[in-house]
Structures are given as C-alpha cells and as structure tokens.
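Asker: Below are the chains, spelled out letter by letter.
Number of protein chains: 4
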Amino acid sequence: MPAIHQADEVYRNALILATLAKKMRVPSYATEHVPEKIGSFIPELAALCKGTMRKTQFSACPEGLVDLLTSKAPAGNARSLPKHLQKNNQDSERPSIVIAGVEAHVCLLQTALDLLNDEMEVWVVTDACGSRTERNRDAAFDRLAGNGAELVTTEMVVFEWLEGAENEHFKFALDLIK
Amino acid sequence: MPAIHQADEVYRNALILATLAKKMRVPSYATEHVPEKIGSFIPELAALCKGTMRKTQFSACPEGLVDLLTSKAPAGNARSLPKHLQKNNQDSERPSIVIAGVEAHVCLLQTALDLLNDEMEVWVVTDACGSRTERNRDAAFDRLAGNGAELVTTEMVVFEWLEGAENEHFKFALDLIK
Amino acid sequence: MPAIHQADEVYRNALILATLAKKMRVPSYATEHVPEKIGSFIPELAALCKGTMRKTQFSACPEGLVDLLTSKAPAGNARSLPKHLQKNNQDSERPSIVIAGVEAHVCLLQTALDLLNDEMEVWVVTDACGSRTERNRDAAFDRLAGNGAELVTTEMVVFEWLEGAENEHFKFALDLIK
Amino acid sequence: MPAIHQADEVYRNALILATLAKKMRVPSYATEHVPEKIGSFIPELAALCKGTMRKTQFSACPEGLVDLLTSKAPAGNARSLPKHLQKNNQDSERPSIVIAGVEAHVCLLQTALDLLNDEMEVWVVTDACGSRTERNRDAAFDRLAGNGAELVTTEMVVFEWLEGAENEHFKFALDLIK
Chain A
1 MPAIHQADEV YRNALILATL AKKMRVPSYA TEHVPEKIGS FIPELAALCK
51 GTMRKTQFSA CPEGLVDLLT SKAPAGNARS LPKHLQKNNQ DSERPSIVIA
101 GVEAHVCLLQ TALDLLNDEM EVWVVTDACG SRTERNRDAA FDRLAGNGAE
151 LVTTEMVVFE WLEGAENEHF KFALDLIK
Chain B
1 MPAIHQADEV YRNALILATL AKKMRVPSYA TEHVPEKIGS FIPELAALCK
51 GTMRKTQFSA CPEGLVDLLT SKAPAGNARS LPKHLQKNNQ DSERPSIVIA
101 GVEAHVCLLQ TALDLLNDEM EVWVVTDACG SRTERNRDAA FDRLAGNGAE
151 LVTTEMVVFE WLEGAENEHF KFALDLIK
Chain C
1 MPAIHQADEV YRNALILATL AKKMRVPSYA TEHVPEKIGS FIPELAALCK
51 GTMRKTQFSA CPEGLVDLLT SKAPAGNARS LPKHLQKNNQ DSERPSIVIA
101 GVEAHVCLLQ TALDLLNDEM EVWVVTDACG SRTERNRDAA FDRLAGNGAE
151 LVTTEMVVFE WLEGAENEHF KFALDLIK
Chain D
1 MPAIHQADEV YRNALILATL AKKMRVPSYA TEHVPEKIGS FIPELAALCK
51 GTMRKTQFSA CPEGLVDLLT SKAPAGNARS LPKHLQKNNQ DSERPSIVIA
101 GVEAHVCLLQ TALDLLNDEM EVWVVTDACG SRTERNRDAA FDRLAGNGAE
151 LVTTEMVVFE WLEGAENEHF KFALDLIK
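Chains as they are written, first to last, in full-length UniProt numbering: chain A, 1 to 178; chain B, 1 to 178; chain C, 1 to 178; chain D, 1 to 178.
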C-alpha cells in the first residue's frame with residue numbers, strides 16, 4: 001500500500017465502505033493476489049468482509065469471483081438486507097457490484113472489465129482505488145467508464161445506500177465519513 | 001453553504017438563474033432537506049421561487065418533485081411564458097428541467113438521476129452546483145453526463161433562454177451576469 | 001477579442017485555418033453578431049472568407065447559415081477543390097463543416113448545436129475557439145462532444161486537409177503553423 | 001523525438017512494448033514517414049519489430065498497413081503465440097491492434113481513425129504516444145476515444161498480455177517496467 005498514490009485516502013475510504021457494508025449487511029468480499037509473495041490483504045479490512053478469495057490471475061473472475069457473488073446468500077442475511085438493496089442485488093435482471101482496490105489499472109481493471117463482460121452492473125469507487133502512478137489510475141477510470149462502469153465516490157455509495165435522513169444507520173454513517 | 005467548495009460563485013450563479021427565471025416567468029422551485037436540522041433554504045433564493053418543497057429523502061423525487069414540475073401551471077403564467085420556452089416545457093414529449101444546488105454528489109445527484117430515470121431532459125448547471133470537496137463535485141458531474149444529463153453553465157442557460165440580442169430581457173440579463 | 005481567454009492563440013489559429021482554406025479553395029464564411037453594437041468581425045479574417053453573414057440571434061442558423069453552406073458553390077470553385085475535400089463536402093449524405101470562433105459557449109455553441117440538429121457533421125476547432133472564462137469554454141467543448149461534435153485542433157485540420165507530404169500545399173501549410 | 005512533449009517517457013514505454021512483444025512473439029511493425037526527409041525510425045525500436053513500413057501519407061493505411069497486419073503470419077510464429085493472444089488476433093471476427101507513436105494528433109491519429117473505420121479494434125497506448133504540444137496530444141486521445149478506440153497505458157498492455165502471475169514471462173516483464 002505505501003507505494004500507492006494517495007494511499008491513506010484510498011485505505012480510509014475502503015474502510016468506510018467495508019464498515020458500513022457490514023453494518024447494513026451488504027455482503028462484501030476481499031480478494032488477495034498471490035499473498036505468499038506480495039503479502040496478505042490488509043487484516044483490518046479483511047475482518048470486515050464475509051470472506052477473502054485468493055487468486056493468481058490478475059482478474060478475480062477466472063478463479064471464481066462471479067460464482068461467489070451470485071451464490072445465494074444465507075437466509076439470515078438476505079432477510080435482514082435493507083429492502084432497496086435487496087431489490088438491486090437479487091431481484092433485478094442485472095446483478096450489481098461495488099468494487100474498489102489496488103492497483104486500479106491492473107487487478108481492479110481486469111476484474112471489472114470481466115464483470116462488465118458478464119453483464120453485471122459495476123460501480124467503481126474511484127476514491128477507494130489507487131495505482132502507484134496517478135496517470136495509470138486515471139487511465140483505468142477513463143477506460144472503465146468507456147466500457148460501461150459507473151464511476152462513483154465513497155460518499156455517493158454511502159448516501160445512496162442510506163437513501164434518506166430517516167435511515168436507522170444515518171447517524172452511524174455520518175460519523176464514519178467525518 | 002460556507003463549507004461548500006467555491007460557495008460564493010455557486011450562490012451568485014444560482015441567484016442569477018432564479019432572478020432571470022422569475023423575470024422571464026420560467027417556473028422555479030426550491031427544495032430544502034430536513035430544514036429543522038440543517039437549516040432553511042437561503043431566504044433570498046427562496047423568495048425568487050414559486051415555492052419551496054421540504055424533503056427527508058436525499059432525492060427530491062420520492063416526495064413529489066415530478067408531480068410539482070409536471071402539474072399544469074396557472075393559466076396566467078403559461079400564457080406569458082416566452083413561446084420557445086413554452087414549447088420546450090409543455091408541448092414536447094420530453095419535459096425538461098434546469099437543476100442546480102448542493103451537495104452536487106448527494107441530493108442533487110440522486111434527484112437528477114431519478115429525473116433522468118423518469119425520462120425527463122435534465123440540464124445540470126455546473127457552476128451553480130457545489131460539494132464540500134471538488135473531487136466529489138466533479139465525480140457527480142461525470143456520472144450525470146454518463147447517465148444522459150446535459151451539463152451546462154449559468155451563462156449558457158441565460159443566452160439560450162434569451163435566444164438573441166433582440167429579446168426584451170436582453171439588457172436585464174446582461175446586467176445580471178456582469 | 002482582448003477579453004477572451006488566450007485570445008492571441010485563438011486568433012492565430014483562426015488565421016491559419018482561414019489562410020489555408022483560401023489557398024486550398026475550401027469555401028469559408030464569417031459571421032458577425034450585431035456589428036453596429038459590438039463591432040465588426042476582424043477585417044484580416046473577413047478578407048480571407050468568401051463572405052460575411054450578419055445576425056442578431058446568437059445561433060447563426062435561424063438567419064440562414066445552413067442555406068449559405070449547402071448552396072451550390074460556383075462551378076469554378078467546385079472544380080478546383082481538392083478531390084478528397086469535394087467528396088466530403090458534396091457527395092456524401094452528411095455535409096460537414098469546420099467551425100471556430102468566440103464566444104465558445106454562446107454563439108458558437110448554439111450554432112453548432114443547431115447544425116448537429118440539422119444532421120450536419122460538425123468539427124469544432126478547439127484551439128481556435130474562446131470564451132471570456134476558461135470554465136465556460138471547456139464546458140462548451142464537453143457539451144458539444146456529448147452532442148456529437150468532433151473536437152479537433154488546428155493542426156489536425158491542417159494535416160487532414162493535406163493528407164500527405166506530397167500535397168502541393170504541404171510546404172505552404174508547414175510555414176503557416178511554424 | 002527531442003521536440004516531443006515528455007519524449008523520454010514516450011520512448012521508454014515504446015521500448016517496453018516492443019521488447020515484450022518480441023519476447024512473447026506478438027508480431028509488431030514500425031512505420032516511418034518520409035525517412036529521407038525527417039530521418040529514419042529509431043534503430044533500437046526498429047530492431048525489435050518484424051518489419052518497418054515506409055509511407056508518404058500521414059495515415060499508414062492507404063499505403064498498406066492493414067494488408068500487413070491481416071496477412072497470415074509465418075507458421076512458426078503463429079504456433080508459438082500464447083493461446084489467449086492467438087484468439088484475439090486471429091480467430092475473432094474483429095482483429096485487434098495495439099498502436100503507439102508520434103505525433104499523436106497527426107500520423108498516429110489518422111492511422112488509428114482509418115483502422116477504426118476498417119472495423120478493427122484499436123488500442124492506443126497513451127503513455128507511449130506524444131505530440132510536440134500537450135494540448136494537441138490530449139485532443140488526439142479525446143478524439144480517438146470518441147471514435148471508439150480503447151485508450152490504454154503501457155502497464156495495462158503488459159499485465160493484460162501476461163494475464164497472471166504464473167505466466168512464464170512474468171519475471172521478464174516485471175524487470176522491464178521497473
């Protein structure tokens with residue numbers, strides 16, 4: 001992470017997303033790339049996720065990400081998921097995923113392009129993504145937008161998950177992003 | 001407003017739009033979000049509008065904005081609206097709206113996306129919109145453009161409402177933007 | 001012109017285009033907006049054009065630009081126009097126009113949008129266009145691109161008109177842009 | 001090359017691409033424009049390519065680039081090309097090309113637009129392209145994207161050619177980009 005451009009902000013935003021996802025029971029997964037060589041996924045983040053998937057390809061799709069995402073969630077979670085998020089993730093024809101990570105122009109890019117190719121709706125959280133160089137990072141965002149990804153920010157995700165000031169998690173979320 | 005990036009310019013442009021809208025009898029509405037908690041809509045701006053709508057959802061649509069916009073205007077106003085604006089707003093198949101406000105990436109974004117989803121033609125006046133951070137603001141503009149909104153500036157709206165130098169409000173408008 | 005952002009560069013590029021257009025016999029027209037009030041079109045540029053059109057609307061289309069552009073050119077000119085430019089401008093189903101000027105977000109924008117609406121292929125030469133503020137200028141370019149205009153630069157036009165190093169006007173054009 | 005904006009980085013990235021292409025047996029070609037007047041193609045780069053094509057038009061297509069690209073490769077090379085790259089380049093309906101060079105807004109742009117017109121999938125490696133001015137270069141990229149080119153960076157190409165950490169050329173490629 002230290003080599004990543006604006007690493008602190010990227011990490012902070014990923015933490016906000018994972019924390020709120022856990023609180024609102026939005027299923028989340030971590031992927032780690034050849035951890036025995038380049039190190040494990042950040043433990044604080046992994047602990048907030050439902051699971052961590054190991055991979056050797058740069059894209060997480062050839063080694064099973066889509067199966068993981070589209071498998072039926074345990075009944076307990078599905079029931080407790082807020083209604084408007086249930087609709088988006090389970091009833092619609094096009095499943096959606098919120099994605100963030102490093103490096104934006106390698107693993108994240110290749111994964112997102114594969115997901116778009118599988119007809120998923122892909123939200124890329126730009127301020128929770130990073131590359132070593134700003135130019136590679138921004139080129140990844142432009143390319144993802146051109147291929148149909150929805151580029152969003154951490155706060156957009158937070159306020160779209162909440163929907164309004166009366167959401168029971170509103171105060172919790174507001175404290176997170178302060 | 002003070003926390004908003006370039007707040008002075010945002011406010012100044014919103015004031016120009018509301019003032020000219022009133023002068024040219026283009027119907028305009030203010031929305032205020034949970035005013036008892038985060039304060040009322042700016043009184044100077046509200047006074048220029050036909051009405052102010054309160055809301056608790058971030059998007060203004062679930063609580064009735066579309067009904068407000070597509071309801072028949074009183075006969076007096078409809079007759080006095082300049083012809084080319086009448087056509088745009090009432091006769092065409094796709095009703096249009098000019099939208100501005102704060103925060104660009106939360107309430108304004110969610111409202112605009114809902115309006116686009118309702119098949120309205122949405123003009124977002126970028127220099128009359130703001131967020132606390134420039135990055136969130138610009139990400140909102142990019143996302144809106146990608147979803148079909150027309151990104152415009154205050155001066156574009158002014159000169160497209162006027163159409164030409166012979167418009168009776170030309171001098172009034174020119175003084176406004178100086 | 002002095003109030004325009006980067007006025008010198010805008011003027012220099014417009015001059016290059018008009019000079020080469022005249023040399024290569026590409027028909028060109030100037031438009032001037034209410035000249036008795038805001039001054040005549042720059043005489044050096046006007047002298048290079050086939051004609052100058054006066055207008056009072058911000059868009060040049062309601063007062064006859066399209067008729068001017070699509071009227072048959074005099075036989076003498078049509079014959080001497082380079083073959084590949086003849087094809088583009090006269091035989092194809094979609095007539096094309098190269099456009100530049102000030103202010104980018106008012107007269108030029110409204111004219112270009114009207115031309116696009118008329119199914120013309122519109123090339124906007126960005127470095128030969130200007131507005132008083134950079135933000136309005138760039139917003140005009142983004143909006144034009146979103147509406148289907150082809151954004152080009154002066155050098156792009158020059159080298160696409162020439163096609164190759166063996167063009168008889170190659171040396172003349174190279175001296176122009178130096 | 002010295003006159004090109006960020007010439008060192010452009011050259012370094014072109015060298016990485018040509019070196020890896022040779023190692024992974026991806027066929028590559030150089031084009032040189034009127035070499036007797038403006039000098040030969042850089043010898044170090046040319047030596048890494050399968051061949052060098054001379055041209056006098058700014059676009060390389062009228063003088064035979066597409067024939068060169070779509071001609072059957074010698075059997076030896078075709079067999080040794082990595083499987084996933086074989087698929088992309090030979091079996092799919094739409095042949096693909098990775099393109100880089102100078103000047104981005106003249107020869108490269110015109111060539112790429114012609115290739116897109118021929119229904120090829122065109123990848124433009126932005127950080128291995130240059131123009132004398134940054135504005136012309138960036139305008140070329142925007143125009144190429146608007147016309148359907150895929151804008152990529154050198155590292156994107158490297159990691160998409162490799163596909164994963166287990167590729168036999170992974171270590172070689174990593175040393176190249178360090």
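I should point out that these hints are in silico values taken from the structure, not numbers from a laboratory. The beta-carbon is built from N, C-alpha and C at its ideal position, and this holds for glycine as well. Treat the hints with caution; some may be incorrect.
[To be verified] Calculated lysine-lysine pairs in the DSS-like style (CA-CA distance at most 27 Å, straight line): (1) D:K23 - C:K171; (2) A:K37 - D:K37; (3) A:K171 - B:K178; (4) C:K22 - B:K178; (5) A:K23 - B:K37.
[Unchecked claim] According to the in silico footprint, chain D covers these stretches of chain C (three or more CB under 8 Å from chain D): (6) 27-35; (7) 101-110.
[To be verified] Derived CB-CB ranges, DEER-like: (8) C:D8 - B:E44: 52 to 58 Å; (9) B:P62 - A:D175: 21 to 27 Å; (10) A:K178 - D:K22: 39 to 45 Å; (11) C:A3 - A:R12: 54 to 60 Å; (12) D:E63 - C:K22: 43 to 49 Å; (13) B:E119 - A:G146: 20 to 26 Å; (14) A:G146 - D:H169: 57 to 63 Å.
Asker: State for each hint whether it applies.
Answerer: Okay, the hints, checked on the actual structure:
For the given pair, D:K23 sits about 42 Å from C:K171 by alpha-carbon distance, which is inconsistent with the 27 Å threshold. Between A:K37 and D:K37 the CA atoms are separated by roughly 51 Å; this puts the pair beyond 27 Å, and the hint is violated. For the suggested pair A:K171 and B:K178, the alpha carbons sit about 43 Å apart, so the restraint of at most 27 Å is broken. Our distance criterion of 27 Å between C-alpha atoms is broken by C:K22 and B:K178, whose separation comes to about 38 Å.
Proximity of A:K23 to B:K37 is assessed by CA-CA distance (about 24 Å); at most 27 Å being required, the pair is judged to hold. Given as covered by chain D, the segment 27-35 of chain C fails the check, having 0 residues with a CB less than 8 Å from a CB of that chain where 3 are the minimum. For the segment 101-110 of chain C, the assignment as covered by chain D is violated, since 0 residues bring a beta-carbon within under 8 Å of that chain's beta-carbons and 3 are needed. The hint said 52 to 58 Å for the Cβ distance between C:D8 and B:E44, and at roughly 40 Å that hint is violated.
Checking the proposed 21 to 27 Å range against B:P62 and A:D175 shows it holds: the Cβ atoms sit about 25 Å from each other. Between A:K178 and D:K22 the Cβ separation comes to about 53 Å, which falls outside the hinted range of 39 to 45 Å. Judged by the Cβ atoms, the range 54 to 60 Å given for C:A3 and A:R12 is violated: they are separated by roughly 44 Å. Checked against the given bound of 43 to 49 Å, the beta carbons of D:E63 and C:K22, roughly 30 Å apart, lie outside it.
For the pair B:E119 and A:G146, the supplied restraint of 20 to 26 Å holds, since their beta-carbon distance comes to about 25 Å. Checked against the hint of 57 to 63 Å, the pair A:G146 and D:H169 fails, with Cβ atoms roughly 28 Å apart.
When the structure is compared with the earlier hints, violations turn up for hints 1, 2, 3, 4, 6, 7, 8, 10, 11, 12 and 14 and for no others.
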